[in-house]
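Protein sequences, first through last, are from chains A and B. Throughout, the working numbering is defined as the position within the first sequence, counted from one, plus 20. Throughout, the working numbering is defined as the position within the second sequence, counted from one, plus 2.
Keep in mind the hints are simulated off the structure, nothing from the lab. Remember, it's a predicted structure, so these values are computed and weren't measured experimentally. Hints should not be assumed to be uniformly reliable.
[Said to hold, decoys possible] Okay, derived cross-link-like pairs now, BS3-like style, lysine-lysine, Cα gap no bigger than 25 Å in a straight line:
| no. | chain 1 | residue 1 | chain 2 | residue 2 |
| --- | --- | --- | --- | --- |
| 1 | A | Lys175 | B | Lys94 |
| 2 | A | Lys214 | B | Lys99 |
| 3 | A | Lys95 | B | Lys94 |
| 4 | B | Lys378 | B | Lys79 |
| 5 | B | Lys247 | B | Lys328 |
| 6 | A | Lys95 | B | Lys76 |
| 7 | A | Lys95 | A | Lys108 |
| 8 | A | Lys95 | B | Lys99 |
| 9 | B | Lys99 | B | Lys390 |
| 10 | B | Lys378 | B | Lys390 |
| 11 | A | Lys214 | B | Lys33 |
| 12 | A | Lys175 | B | Lys99 |
| 13 | B | Lys99 | B | Lys33 |
[Said to hold, decoys possible] Derived contacts from chain A toward chain B, CB cut-off under 8 Å, selection only:
| no. | residue |
| --- | --- |
| 14 | Glu84 |
| 15 | His86 |
| 16 | Glu88 |
| 17 | Pro111 |
| 18 | Glu228 |
| 19 | Ser237 |
[To be verified] Covered, in the sense of this in silico footprint (three residues per stretch, anywhere, with C-beta under 8 Å from a C-beta of chain B), are these stretches of chain A:
| no. | stretch |
| --- | --- |
| 20 | 145 to 152 |
| 21 | 238 to 246 |
The beta carbon of each residue, even a glycine, is placed where N, CA and C say it ideally should be.
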Amino acid sequence: MNETPLTQESIDGQNIESSGKNDGLFAKAAKHPFVTTGAILASAGFAYAAVKTIQSAADTIAREVHIETSIAIDKSPAELYRFWRDFKNLPLFMSNLESVTESDRWKSHWVAKGIGAARVEWDAEIYNEIENELIAWRSLENADVVNAGSVRFQKAPAGRGTYVRVTMNYNPPAGKLGATLAQLLGAEPTQLIKEDLRRLKQILEAGEVATIAGQSSGRAEEAEPILPEVKVATMGHPEEHKEQLSVGAAAN
Amino acid sequence: MKAVCWNGKHDVQVMRVPDPSIINPRDAIIKITTTAICGSDLHLYDGYIPTMEKGDILGHEFMGEVVEVGSSVKNLKKGDRVVVPFTIACGKCFFCKRDLWSACDNSNSNAATAEVLYGFSGSGLFGYSHMMGGYAGGQAEYVRVPFADVGPLPIPDELSDEQVLFLSDIFPTGYMAAENCNIQPGDTVAVWGCGPVGQFAIKSAFLLGAERVVAIDDVPGRLRVAAEESHAETLNFNDQDIYEKLTEMTGGMGPDSCIDAVGLEAHGTTIDAIYDRAKTALYLATDRSHALRQAIHVCRKGGTVSVPGVYGGFLDKFPFGAAFSKGLTFKMGQTNVHKYLRPLLKIIQDGKIDPSFVITHRLSLNEAASGYSTFKQEKDDCIKIVMKPELN
Numbered sequence: 021m022n023e024t025p026l027t028q029e030s031i032d033g034q035n036i037e038s039s040g041k042n043d044g045l046f047a048k049a050a051k052h053p054f055v056t057t058g059a060i061l062a063s064a065g066f067a068y069a070a071v072k073t074i075q076s077a078a079d080t081i082a083r084e085v086h087i088e089t090s091i092a093i094d095k096s097p098a099e100l101y102r103f104w105r106d107f108k109n110l111p112l113f114m115s116n117l118e119s120v121t122e123s124d125r126w127k128s129h130w131v132a133k134g135i136g137a138a139r140v141e142w143d144a145e146i147y148n149e150i151e152n153e154l155i156a157w158r159s160l161e162n163a164d165v166v167n168a169g170s171v172r173f174q175k176a177p178a179g180r181g182t183y184v185r186v187t188m189n190y191n192p193p194a195g196k197l198g199a200t201l202a203q204l205l206g207a208e209p210t211q212l213i214k215e216d217l218r219r220l221k222q223i224l225e226a227g228e229v230a231t232i233a234g235q236s237s238g239r240a241e242e243a244e245p246i247l248p249e250v251k252v253a254t255m256g257h258p259e260e261h262k263e264q265l266s267v268g269a270a271a272n
Numbered sequence: 003m004k005a006v007c008w009n010g011k012h013d014v015q016v017m018r019v020p021d022p023s024i025i026n027p028r029d030a031i032i033k034i035t036t037t038a039i040c041g042s043d044l045h046l047y048d049g050y051i052p053t054m055e056k057g058d059i060l061g062h063e064f065m066g067e068v069v070e071v072g073s074s075v076k077n078l079k080k081g082d083r084v085v086v087p088f089t090i091a092c093g094k095c096f097f098c099k100r101d102l103w104s105a106c107d108n109s110n111s112n113a114a115t116a117e118v119l120y121g122f123s124g125s126g127l128f129g130y131s132h133m134m135g136g137y138a139g140g141q142a143e144y145v146r147v148p149f150a151d152v153g154p155l156p157i158p159d160e161l162s163d164e165q166v167l168f169l170s171d172i173f174p175t176g177y178m179a180a181e182n183c184n185i186q187p188g189d190t191v192a193v194w195g196c197g198p199v200g201q202f203a204i205k206s207a208f209l210l211g212a213e214r215v216v217a218i219d220d221v222p223g224r225l226r227v228a229a230e231e232s233h234a235e236t237l238n239f240n241d242q243d244i245y246e247k248l249t250e251m252t253g254g255m256g257p258d259s260c261i262d263a264v265g266l267e268a269h270g271t272t273i274d275a276i277y278d279r280a281k282t283a284l285y286l287a288t289d290r291s292h293a294l295r296q297a298i299h300v301c302r303k304g305g306t307v308s309v310p311g312v313y314g315g316f317l318d319k320f321p322f323g324a325a326f327s328k329g330l331t332f333k334m335g336q337t338n339v340h341k342y343l344r345p346l347l348k349i350i351q352d353g354k355i356d357p358s359f360v361i362t363h364r365l366s367l368n369e370a371a372s373g374y375s376t377f378k379q380e381k382d383d384c385i386k387i388v389m390k391p392e393l394n
């Protein structure tokens, strides 16, 4: 996590009408390195986001916390773009995101988990987009957490699918102290986003997310030890063995 | 159901636990007919593998009957008899597509932990610590098998459980170890460790064309099996200097390939082995590597050291200078079991190898605790223990 080099000017310099089209300005903007800073936030844990009352009204540019990470996924840039651009898919792999509702082609409403039953919500707009290549978005006014993010889909060398590069900026509610607090709580934002991207990879490549949630173990509430039986360690055929075991089996 | 649970170092217990259920669409539930205790289970038993949790269900060598399949599993049906690879693999990622199944990107549910320790994560494994996914194992009456549409191998009726069970791990593991030696006509292959993997490495080395195979161990029963079942020449490391003996046997050249089928708990009688024991006891190193050092030391120039034995952490006094100066090739890793299932089933069907020769003990599931202790202490000429829930 680094402080972003973003300035007010650099953000504003890329400001595009939310109703804008995929025109030359988009393409030009996309080449600018600063455009890869943008919004997502969803996953960044944001336990601390519930402390929204301490947010300063002056914080309208997401620039305090900057995250960049990438993952190779064995799908084409176009497939990845289509999946990501359908924002209702995002909660499938972003663990802290509850829902994203698109109100039009550019605007959407995001709901993420906060502490306990608390929710963190914001409206966002797509401010830059290149089909099959880039989606960049940022929160609008009055966001619980000011944030911006982008995802770029870059064709990888032969057989390696697509490099998915995610950049996120956000302002924690209590400034850097908030991020520190989040780390203490175990919510390290970069790692959370890495895990989200891993889930995305699993969904798109394997069709499901690897999990052991809900599997059986000796830790289950109803688990109980079975008392040891007569110990017979013998060689021989199963049939002979069955007879030798009958004492132990009866005891069970 | 009954399941063998790990409760701590040298503490396994049969427990009654909830039956497994389908969690993901590509899952299947298997009713276990035969399962086994693996030499690598002893590393768990001895507390060498981190991230085990009390109550984890053990076991990664098992087979049985399909009783339920998830909605995405189209190639299996209720009643099919299958052997299940111990490595869990998605079949779709970069690594699976290149037959590197044990490096699957998508099957470890806890990959981040493995990444901290190893840089990257291998595939998920059954019953082999939370770092490897924390999947419940198959020393139980039932098991949940993820990615069941690419893993389990259907078995023809005419083959018995005991003939095919070891396709789950030790036969492919021994075979891959021998294959990794790139055996050429006239080659001598030395195999450290005559446990089950060593026995299969010996048989496989002959199958792949080795001229001579030298088996090294200090358990007389195991050396006897290597000699009788596979016609290996045998050396007991308590009775002779292995370097001297192997160089003498090969006209001063050293073996063309050396297989370390021992892994991180090697024991020996030389000074480095004692030093290792002291250091691991003090937690200054995690792995003892006596067998591997000896293999590197004696391997011929330009030869191959193949390591099917499991290592978990850091090695001390690793003779990298010897490896460098001789230009050795190293091959190692968890077995890409899926790659070998069908070819090795064919070898069994053709009668070239009957893997059941390694079985020395047949137990019920209830006897698991005594089974672990017998295997650990190498009592009663124990080589391989199989357990059958139906014997309970």
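How the hints compare with the structure:
1. A:Lys175 - B:Lys94: 18 Å, holds
2. A:Lys214 - B:Lys99: Holds, at roughly 23 Å.
3. A:Lys95 - B:Lys94: 11 Å, holds
4. B:Lys378 - B:Lys79: Violated, because 38 Å separates the two Cα atoms, which is more than 25 Å.
5. B:Lys247 - B:Lys328: 19 Å, holds
6. A:Lys95 - B:Lys76: Measuring from Cα to Cα gives roughly 23 Å; hence the hint holds.
7. A:Lys95 - A:Lys108: 19 Å, holds
8. A:Lys95 - B:Lys99: At roughly 13 Å apart (the allowed maximum being 25 Å), B:Lys99 and A:Lys95 satisfy the hint.
9. B:Lys99 - B:Lys390: Violated, at roughly 34 Å.
10. B:Lys378 - B:Lys390: 20 Å, holds
11. A:Lys214 - B:Lys33: 36 Å, violated
12. A:Lys175 - B:Lys99: 19 Å, holds
13. B:Lys99 - B:Lys33: Violated, at roughly 29 Å.
14. Glu84: With a minimum Cβ separation of about 25 Å from chain B (threshold 8 Å), the hint on A:Glu84 is violated.
15. His86: Violated. Min distance 21 Å.
16. Glu88: 17 Å, violated
17. Pro111: At about 18 Å, which exceeds the 8 Å cut-off, the nearest Cβ of chain B leaves the hint on A:Pro111 violated.
18. Glu228: 4 Å, holds
19. Ser237: 5 Å, holds
20. 145 to 152: Since 0 is below three, the answer is violated.
21. 238 to 246: holds (count 8)
Comparing the model with each earlier hint shows violations of hints 4, 9, 11, 13, 14, 15, 16, 17 and 20; every other hint is respected.
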